[in-house]
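All chains, full assembly: derive it from the sequences and hints.
So the protein lines, in turn, are chains F, A and D.
For the first sequence, this note's numbering begins at 14 and goes up steadily by one.
For the second sequence, this note's numbering begins at 831 and goes up steadily by one.
For the third sequence, this note's numbering begins at 10 and goes up steadily by one.
There's no promise every hint is true.
[Stated by the list, open to error] With a cut-off of at most 25 Å between alpha-carbon atoms, the simulated PhoX-like pairs for lysine-lysine come out as follows:
1. D/K309 with F/K71
2. D/K358 with D/K76
3. F/K77 with D/K92
4. D/K69 with F/K77
5. D/K202 with F/K139
6. D/K150 with D/K202
7. D/K69 with F/K71
8. D/K320 with D/K389
9. D/K202 with D/K76
10. F/K139 with D/K92
11. A/K1121 with F/K115
12. D/K202 with D/K180
13. D/K320 with A/K889
Quick caveat, the hints were computed from the structure, so don't treat them as lab data.
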Amino acid sequence: MIGMRKFTRGEATAYGYLTATLVFCLLPFLWVVLASIDPNASQFLAFPEGITADHFIKIFSANKGGRWFFNSLVTVGATTAIVVVVGGMGGYALSRSEAWWKRPFLYAIILVRVLPPTAIIVPLYKVMLVANGPMGALVRSIVPPDSTRSAMQIFGFVDGYLGLILVLSAMQLPLALWIIKTYFDLTPRDYEEAALMDGANGFQRMRRILVPLAMPGLSAAGLLCFIGAWGDFLMPLTFISSAELQLLPIGLFRAFQRATRVDYGYLCALAMLYMLPAVVAFGLARRFLVQTFTGGIKG
Amino acid sequence: MTMTYETRMVWQNRLLLAPALVLLACFILIPAGAAIYISFTNEALSGFAASHPQFVGLKNYVRLFSDAGFWNSLIVTFAFVFGSSIVGQFVLGLASALALSRPIRFRRVFNAAILLPNAVPEVVAGFIWISMLAGGQYSTLSRIVGLFGFAPQNWLESVPLLMIIVVNTWRGIAFAMILMTSGLSAVPAEVYEAARMDGATPQQIFWRITLPLLRPTIFLYMLVSTAGTIAIFGLIYTLTRGGPGGATEIIGIYIYNQSFTAYQLGYGSAVAVIMLGVSVAIGAVYARVLKVQV
Amino acid sequence: MKAIVLRAGVTVGLIAGAILAAIVISRAGMGSRDTANSGAATLTIRIAEHQQPRIDALNKAIPRIEKQLGVIIEVVEYPAPEKDYLSKLLTELGAGNAPDLFTANFDSDVPDMVSAGYLAPITAEVKAWDGYRQLFDVAKKLSTSADGQIYALDSMLLVQQLYYRRDLLDKAGISTAQPTSWKDLLDRAREIKAKTGKYALLLPAGISWGPGAFNEGFALFVPGSKTPQIANDDGSLNLNGEGVRDIFRLYKTLIDEDLMPIQPLLGPEPWMIPKYTMFPAGDLMVTTCGTWCYIYDWGKGSRNPVPEVTKNVGTWAVPGMDGGASVTISGSSPWAVNAKSAHLDVAKKVLLALCSVDAMVDYAGLIGNIPARKDAADNKDFQALTELVPVLENVQNGTFLRSAPGYSVVSEGVARATEALLRRQTDAAGAQAILVKYVNDLLGDNAVR
Chain F
14 MIGMRKFTRG
24 EATAYGYLTA
34 TLVFCLLPFL
44 WVVLASIDPN
54 ASQFLAFPEG
64 ITADHFIKIF
74 SANKGGRWFF
84 NSLVTVGATT
94 AIVVVVGGMG
104 GYALSRSEAW
114 WKRPFLYAII
124 LVRVLPPTAI
134 IVPLYKVMLV
144 ANGPMGALVR
154 SIVPPDSTRS
164 AMQIFGFVDG
174 YLGLILVLSA
184 MQLPLALWII
194 KTYFDLTPRD
204 YEEAALMDGA
214 NGFQRMRRIL
224 VPLAMPGLSA
234 AGLLCFIGAW
244 GDFLMPLTFI
254 SSAELQLLPI
264 GLFRAFQRAT
274 RVDYGYLCAL
284 AMLYMLPAVV
294 AFGLARRFLV
304 QTFTGGIKG
Chain A
831 MTMTYETRMV
841 WQNRLLLAPA
851 LVLLACFILI
861 PAGAAIYISF
871 TNEALSGFAA
881 SHPQFVGLKN
891 YVRLFSDAGF
901 WNSLIVTFAF
911 VFGSSIVGQF
921 VLGLASALAL
931 SRPIRFRRVF
941 NAAILLPNAV
951 PEVVAGFIWI
961 SMLAGGQYST
971 LSRIVGLFGF
981 APQNWLESVP
991 LLMIIVVNTW
1001 RGIAFAMILM
1011 TSGLSAVPAE
1021 VYEAARMDGA
1031 TPQQIFWRIT
1041 LPLLRPTIFL
1051 YMLVSTAGTI
1061 AIFGLIYTLT
1071 RGGPGGATEI
1081 IGIYIYNQSF
1091 TAYQLGYGSA
1101 VAVIMLGVSV
1111 AIGAVYARVL
1121 KVQV
Chain D
10 MKAIVLRAGV
20 TVGLIAGAIL
30 AAIVISRAGM
40 GSRDTANSGA
50 ATLTIRIAEH
60 QQPRIDALNK
70 AIPRIEKQLG
80 VIIEVVEYPA
90 PEKDYLSKLL
100 TELGAGNAPD
110 LFTANFDSDV
120 PDMVSAGYLA
130 PITAEVKAWD
140 GYRQLFDVAK
150 KLSTSADGQI
160 YALDSMLLVQ
170 QLYYRRDLLD
180 KAGISTAQPT
190 SWKDLLDRAR
200 EIKAKTGKYA
210 LLLPAGISWG
220 PGAFNEGFAL
230 FVPGSKTPQI
240 ANDDGSLNLN
250 GEGVRDIFRL
260 YKTLIDEDLM
270 PIQPLLGPEP
280 WMIPKYTMFP
290 AGDLMVTTCG
300 TWCYIYDWGK
310 GSRNPVPEVT
320 KNVGTWAVPG
330 MDGGASVTIS
340 GSSPWAVNAK
350 SAHLDVAKKV
360 LLALCSVDAM
370 VDYAGLIGNI
380 PARKDAADNK
390 DFQALTELVP
400 VLENVQNGTF
410 LRSAPGYSVV
420 SEGVARATEA
430 LLRRQTDAAG
440 AQAILVKYVN
450 DLLGDNAVR
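Following this line, the structure appears as structure tokens:
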């Protein structure tokens, strides 16, 4: 595995293993790719007799594919930003704190994920509805009546960007807190203390040291948050009703034309569109995932 | 400021933690608490109980414990979590993280490939594997083994539990890999160099140095992955609906099958609470075994 | 401290920027709505609908209604699969935030929604409506709940019968006369198998088929059995009788004698191969289906049509066990009004407008169901739908099954019972026991009488 002498053999094992894993992971997608361009797409793997771009076109012309994509990007992007920042601060605090309630709290937030979403969605909806009332009143008092609807689409808790973003953030926060806390646990405090000794005026220098230090942890948290929120189905389904605000997963339901029929070509085309940002996000984050911190104390 | 350094740090920590606490309290802890309360009522989404929910005490729990389907579901869930999360995803994820930590070409390709299964929503992943596994001779897997001379079969009927374990493993490797990569990178390179200079073999380095240093990350992974796997529903429901004959009726599907027709939130919540209790127990076991302090 | 504020400020700024972009884009789409709203405070009624064909039909009918009533109607699209649709709808109803109008199934949803207080009674408005006289009796009876009130009104009806390949049966020299009893039907099926070697008769069954095992299979034979109604007057369910066992026996015969395809029914989407592949290809001769099949499954809307479908595909009523025949009618998707709607009166008017002949014909053309009103026969556009005209004439002779709260549990129970039969795990009595146990487990021991 990690050794200079067995260099070639170790590398060969690595390549071999990775290739096998690659085949395992990608093989099922063969159907997705082929079906998305197949005019007669069915549930089973088949080489298309003709090629069509209709399914993809249908996403954007007959449906509001572009809009869904944008909505998903905005909400999940904002969610990731919030989670990284709030989780970053919180994870650091949790790592460095000695409070008695630290352990139960951490366990509680992770284990709460065991509750199936269907169990908490109804109380959650009621909470959101309650919050929506005052928000609506606030908006109406500030904004002219013509734009109330638009404003509520952004700031509303139910059927609005803000509500969905906050809910998604809360859902992803536990994992982020854990990852970042674990990461800071592994980081020796020497760096912070060295910076303080250097007279780190205010916490600005702490940030300049802590954030790069924590990059792998923050990136892992951010990436997982993005992927988790991107794939979330149930929250957008429950909280968003207006057509203009729908996210990408909702488009999937359009593939179920009737109770009995699924348009597989359309489903697969949409799936391909869906996978794109996750892959891009991974590419972006990967750089930071493996950054090691060199120098520092000794220098 | 007349506060001592320690007091200042405590207040700083509280301030840093505050936003997270607010979000979690509002959107997770309160609804979760409500769900726990609901488990003691007969609340429903429709029907008479919807407008007149009543407190019924432990009635839901009693019904739960006397239902053979629940116990079957518990066993299936344990097998499922063990096979896919503890063994499958972890081993493959760790191996991937290790393999990719070396200087390898085409790293981006491998990374993307491993990530893709996690990048689609559950429902789509379900359909993808239906295409692979269902339909007897039409399924992709049947065709593949046909090339090697094996008989095509209805995989989801003959080995359903094994199949869902495979599918969930496929889906979750990325998560394990990401976590392990992050954990591996926290190990400073100097440690490896020092070990090598001391003449340690790669196996010794792995088992005596890498793994122990990874323990907190492994613990985190196990905890989160177990919790997440227990709560899985859509993926398996699309594949097997919990059949045949309850062979793949994981707890999420059990809850659904029991309560969907009458939308009995109370009963469903009771099962969820039990699972919560079980997870707490499992978490404690993990902490013990991995000797991790939180 | 300064840095924290700075960071927070930057983050807020970024998010605000994203939101600003969102405002710009959403206003671009919203422009027209706002001006329309700002003019004269015009009322907006929100309707929940799902599944593409229904949404298309609704969108076709709406402009006319909007003009007629002077309101704006907004269609909110809900997810297509029934369960997801109901989950979202019920969550909103429970919280008091649902749209003004929506569809809900008579059998599975309406009784429970009524007892939850979600639906506004529309009895007075419906009886005062001029279309009331034109409604088929079946539609009137289906709409009336146990307490005598009307909470949901159907604009369309589902008419189900047995559909057979007239051309292929003629070619094989098999009689295409209406079967007169279950024995006659089975004999005909055996004849088909003997003379053509193909599958003879498909009845939906099994867990994968879901509620269809009951609604599109089992239920069609109930009126002609010894237990003509499952729902008793007191709301309990008559599942222990001989009639139920006889129907299971019918299934078992078809399965044991290999008269119906079994493998596809055990897998996902069990209807795909038998109805969309086998039937058009002539590998299956008879199946249960409804009027929409002439359009969707085998006609102009189909990917795998049967050529000259109205000529080559004929219909039989479902024979009774010892004689007689029945055509089972059920409600398609009745409309209901949210009890907590802010605009109850207007919503009710919209509902009645959706039950006008014009709206019904819109739906019939796009979906293939039958209008619930007699005077639809006089509508020119409807008369152009030649496949449906003869069926409309026969609606008054149709029967229907009464429902009771918890009826949906029955359909799930039948799915499980027929699954056991498909897997040859039990016999007819055993299947009945599975059904009864399931219903008792979920609804309590007093449910079955």
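Run through the hints listed earlier and report the numbers of any the structure violates, in increasing order. 5, 6, 9, 13
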